[in-house]
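Chemist: These are the residues of each chain, in order.
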Amino acid sequence: MKTKTKAVKLSAKRAMVTPGHPVVPLKDRRLNFGDKWDYAPAPEDFKSYVIAPRHDLFINGKFTAPHSGKHFDTINPATEEKITEIALGDAEDVDIAVKAARRAYEKVWSKMPGRERGKYLYRIARIIQEKARELAVLETMDGGKPIKETRDVDLPIVAAHFFYHAGWADKLQYAFPGRTPRPLGVVGQIIPWNFPLLMAAWKIAPALACGNTVVIKPSKTTSLTLVRLAQIFQEAELPEGVVNVITGVGETGTAIVKHPDVNKIAFTGSTEIGKQLAQMIVGTDKRITLELGGKAANIVFEDAPIDQAIEGIIAGIYFNMGHVCCAGSRLLVQESIYPKVVKKLRDRIQTLRIGNPLDKNTDIGAINNKPQLEKIRELVQSGADEGAEIVQPVCQLPERGYWYPPTFLTGVTASHRVAQEEIFGPVLSVMTFRTPEEAVERANNTPYGLSAGVWTDKGSKIFKIVNQLRAGVVWANTYNKFDPTSPFGGYKESGFGREGGVQGLAAYCRLD
Amino acid sequence: MNRLDVKKTYKLYIGGKFPRSESGRYLAAKSPAGQHLDNFAHASRKDFRDAVVAARVAVEGWGKASAYNRGQILYRAAEMLQNRAGELVNEIARSTGVTSVKAKREVTLAIDRLVHFAGWTDKYQQVFGSVNPVASSHFDFTTPEPTGVAVVLAPDEPALLALVSLVAPVVLSGNTAIVVASEKFPLPAATFAEILATSDLPGGVVNLLTGKRAELVPHIASHMDVNAIVDGAGDRELAAKLQAGVAINLKRYFNRAAADWFSARAEEPYRILDTVEFKTAWHPIGV
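Chains as they are written, first to last, in the numbering used here: chain A, 1 to 512; chain B, 1 to 287.
Isolated chain B, as found in the complex:
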């Protein structure tokens, strides 16, 4: 007699905790062959709003953490990913139907990319900031600072690699993120959240919602406490709706759908600048 598998419902990840959707809704994840895999939470408007609150709370501490500390923590997250690479490979393979070789390629690249971005936490300020040679007798310098709370929309695939490529440049500078996971393949993202929860990343720095993108998009666009949207979903219709959010509170909007998430160009340090603000400070020079 075959053993009966234990089915799991993947939950949301908000403020370091794993709530089910407050709406009580869930969806079924199926393999490409149509076989039921597991269930996952179907996030609602309220879940999104809760995630914004958690992200806003978390930005206080994360934004003020030292660059060195943020780098250590993101590297620690990469360590945890490496440690549980097999689990992610399995999740990608059974969700998307790709071979485990291909799934492994995605997972290892995601790990390497996280290591790459972890190293930027204490360097991007030096590369992109400046001391400005003003003509008057002032010391004048420009430093990048995190914008605040950003919503990141991941494309359907590659579910893990694109998510990591989009989220890392957002949080490394001190922003916190609400990630809307791949709609088609949410399980790798949900597993990624479970791994993050066991890294040293403070709760609320990365929050993950699974469910239906189109349902959440109007609420993302209209939310007054969202500072930026990084849209990697690659859906032109939804992009226009998100972009309209600029007109509401001048939240920054960036369409960052990439042609090839496996290419080196998806590891773009200039993406860090999407979610920073340049602050320029002046002080007189004198005795």
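Here chain A stands alone, though its shape is the one from the complex:
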């Protein structure tokens, strides 16, 4: 899966990536890292990690076959090869898991002193650190994410989330002045495929720290690492039933949401599904937190540190192939520096290495799944149809697997679909503005409100703009940074509730 960034003419194969619309070749290429020497791949070893041919549900501390007896294949999106089989849990399995979680809640977990709960979380964090490389490799194979990211971003933050929340378990009374926090009970959690293990950590760690028990369902395409995390729970001797993992499909998640003995739902995923889940709990006393889609504006002012801003734009949209709800997918550039920014972006995307996600040099891995690839293609096509100009690097994509090159579109207007809809791929829509007021207005002109970026060297301007942006996370002169101490979550249709930090604990407690 060697990828070359030679300046070749558009091949027929490449044209197939985004069929039917004009691709503007790079005429004035300045930087060239690709054709002066032979590329030496540096793939991470994966053969030493044994992957069982079949994975069951994790209920009440034991791996249990689904009652239907059915399993489904999970594939490596970079090769389209089957990795292993994953259990297909259904409503009956969910019911057994919820009962186990309820038992564990009432008999063990809610009665356990906070400092003991905390010690289990510390133990889990340590084991994750010890197995970090293996987990990173599995995450990369199962989801298509570059090993550079799973190794250096996902896994360290996964462990950090357990460490951070471990310490809260016996200090919760200080998080809620004047009130006594109590756990909610059984928590149902549904997580997406873009950061499988990281989202599991974001959900499980605070839930357990606050004394709840968990039934969690991963996305269909990325179950492997969560099942592996369940093995870590076993190794840590976490009491049985405290966390139950039910792999499966959409209906499996629905069964969790609709189960009458679940007290709280936490969901990360699309706004469309989030709204459906909100509808399902109408008339119940279930609590819900939703972390949904986004269409973040990344605003670059003319007084920005331009080279840092370019790196921030790249990190903002091409990190994790753009499969990021807070991706900086709308670039708003002040008019005076627009030509310069576009030129630098053209140069920069040419240097991105696309290919084998297990190669330590790879910047852009595989698109997680085929429907997502089709959605990206369809949306970019709509951009072309509506008059935007598409800029992509000259590169060859691997023959097999799901791939999409880093792409940006110029000449985008606010009414284009690519400026309004979440693409969830490595596709950036570039627009311009003249005044700070216009930038803010354009940035806020979306039903979403998850994140935003601001680039300027002027401090007072940063505070002003940060203050005016209707978004839950604003990165100033940086982008896509995450930390367990830092609350994350959206305004408006990007959902409600926060994950991380002291504010994130509120989602898993009731206050007496």
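It cannot be assumed that every hint is accurate.
[What the hints assert, rightly or not] Calculated cross-link-like contacts (lysine-lysine; reagent style BS3-like; alpha-carbon spacing at most 25 Å):
#1 A:Lys340 / A:Lys458
#2 A:Lys62 / A:Lys258
#3 A:Lys70 / A:Lys82
#4 A:Lys131 / A:Lys47
#5 A:Lys461 / B:Lys64
#6 A:Lys111 / A:Lys286
#7 A:Lys107 / A:Lys119
#8 B:Lys241 / A:Lys275
#9 B:Lys123 / A:Lys464
#10 B:Lys241 / A:Lys258
#11 A:Lys148 / A:Lys131
#12 A:Lys458 / B:Lys64
#13 A:Lys464 / B:Lys64
#14 B:Lys64 / B:Lys8
#15 B:Lys184 / B:Lys46
#16 A:Lys171 / A:Lys62
#17 B:Lys17 / B:Lys184
#18 B:Lys123 / A:Lys171
#19 B:Lys212 / B:Lys241
#20 B:Lys46 / B:Lys241
#21 A:Lys119 / A:Lys131
#22 B:Lys241 / A:Lys286
#23 A:Lys148 / A:Lys370
#24 A:Lys481 / A:Lys461
[As the list claims (entries may be wrong)] Which chain B residues stay away from chain A? Per the calculated CB distances, all over 10 Å, these:
#25 Gly16
#26 Gly61
#27 Ala244
No wet-lab data here; the hints were simulated from the structure. Even glycine gets a Cβ: it sits at the ideal position worked out from N, Cα and C.
Starting from the structure of chain A, add chain B where the hints point.
Modeler: What follows is chain B alone, placed relative to chain A:
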């Protein structure tokens, strides 16, 4: 010969003005003994939509006013309430039939509660916000900001105290509110609006609708420019209809019906957090 009393029609309070319902409809308020007291406006869907527009306009200024300024204004509103306490006591007593002693207890507690919440405007950020010790070299902090436009549904009783307890934590952070008043006893709420109009609270920050809750609820749930619903009405059927509004535009919904509006727990600072959004900002640290 007895003097003939002058009857009044209590109007809606929208954008700082007192319109009659655009529908032209009104209802009669009666005492518990069945005696006709006064008429009041019967708000329509259009009135509600007008109120949302007024609240949206007002949130621009109110949300940006300094915390100190908002605190001063809410305290000023408490001063006005104190000044006209007798009027409110009379309104509650004649509407609900309670003794004036009981009515006075409600009014004085409402005043004290407003004073309490006025003091939170410049404190809740410090209590509930944070500076976050991230592992990377960044300055990272989290501050609460108003969600925007909120609809507040007051229970039937205590008509004044519950309304004040529900509205104060919403507007103190910079939100604006559309209040659906007690359906059974709308007159104390309408009088409260008249008092607010003479305080320094900018028009549109608190808007008041009287009429029939069940008629307005579907429009509240489906409105795309409402950011949050704080439901103190305590009606399970209507609660479900309002909650369904979450699925439309992810407006936040909170069922805040209280068991006892006179208890200290109804003076809950955590209610402020229902209608704020936490914003987290990052900036690199370096030279």
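Chemist: Would you check the hint for Lys119 (chain A) and Lys131 (chain A), treating anything up to 25 Å between C-alpha atoms as holding?
Modeler: Holds. Lys119 (chain A) to Lys131 (chain A) sits at ~18 Å (cutoff 25 Å).
Chemist: Is the Cα-Cα distance between Lys111 (chain A) and Lys286 (chain A) 25 Å or less?
Modeler: Holds, because 22 Å separates the two Cα atoms, which is no more than 25 Å.
Chemist: Given the proposed pairing of Lys107 (chain A) with Lys119 (chain A), does the C-alpha separation stay at or below 25 Å?
Modeler: 18 Å, holds
Chemist: Taken at face value, is the distance from the CA of Lys258 (chain A) to the CA of Lys241 (chain B) at most 25 Å?
Modeler: 18 Å, holds
Chemist: Verify the proposed pairing of Lys70 (chain A) with Lys82 (chain A), using a straight-line Cα cut of 25 Å.
Modeler: 16 Å, holds
Chemist: Checking a non-interface call: every C-beta of chain A should be farther than 10 Å from the C-beta of Gly16 (chain B). Is that right?
Modeler: The claim holds: Gly16 (chain B) sits with its nearest Cβ about 25 Å from chain A, beyond 10 Å.
Chemist: Between Lys461 (chain A) and Lys64 (chain B), is the straight-line Cα distance small enough, at 25 Å or below?
Modeler: 16 Å, holds
Chemist: Please verify whether Lys46 (chain B) and Lys241 (chain B) have alpha carbons no more than 25 Å apart.
Modeler: Distance ~19 Å between Lys46 (chain B) and Lys241 (chain B) Cα, so the pair holds.
Chemist: If you draw a straight line from the CA of Lys17 (chain B) to the CA of Lys184 (chain B), is it 25 Å or shorter?
Modeler: It holds: about 23 Å lies between the C-alpha atoms, which stays within 25 Å.
Chemist: Assess, step by step, whether the Cα of Lys123 (chain B) is no farther than 25 Å from the Cα of Lys464 (chain A), and give holds or violated.
Modeler: 21 Å, holds
Chemist: Within 25 Å, alpha carbon to alpha carbon, are Lys131 (chain A) and Lys47 (chain A)?
Modeler: 15 Å, holds
Chemist: Between the alpha carbons of Lys340 (chain A) and Lys458 (chain A), is the straight-line distance 25 Å or under?
Modeler: 20 Å, holds
Checked against the numbered hints given earlier, this structure breaks hints 14, 16 and 27; the rest are met.
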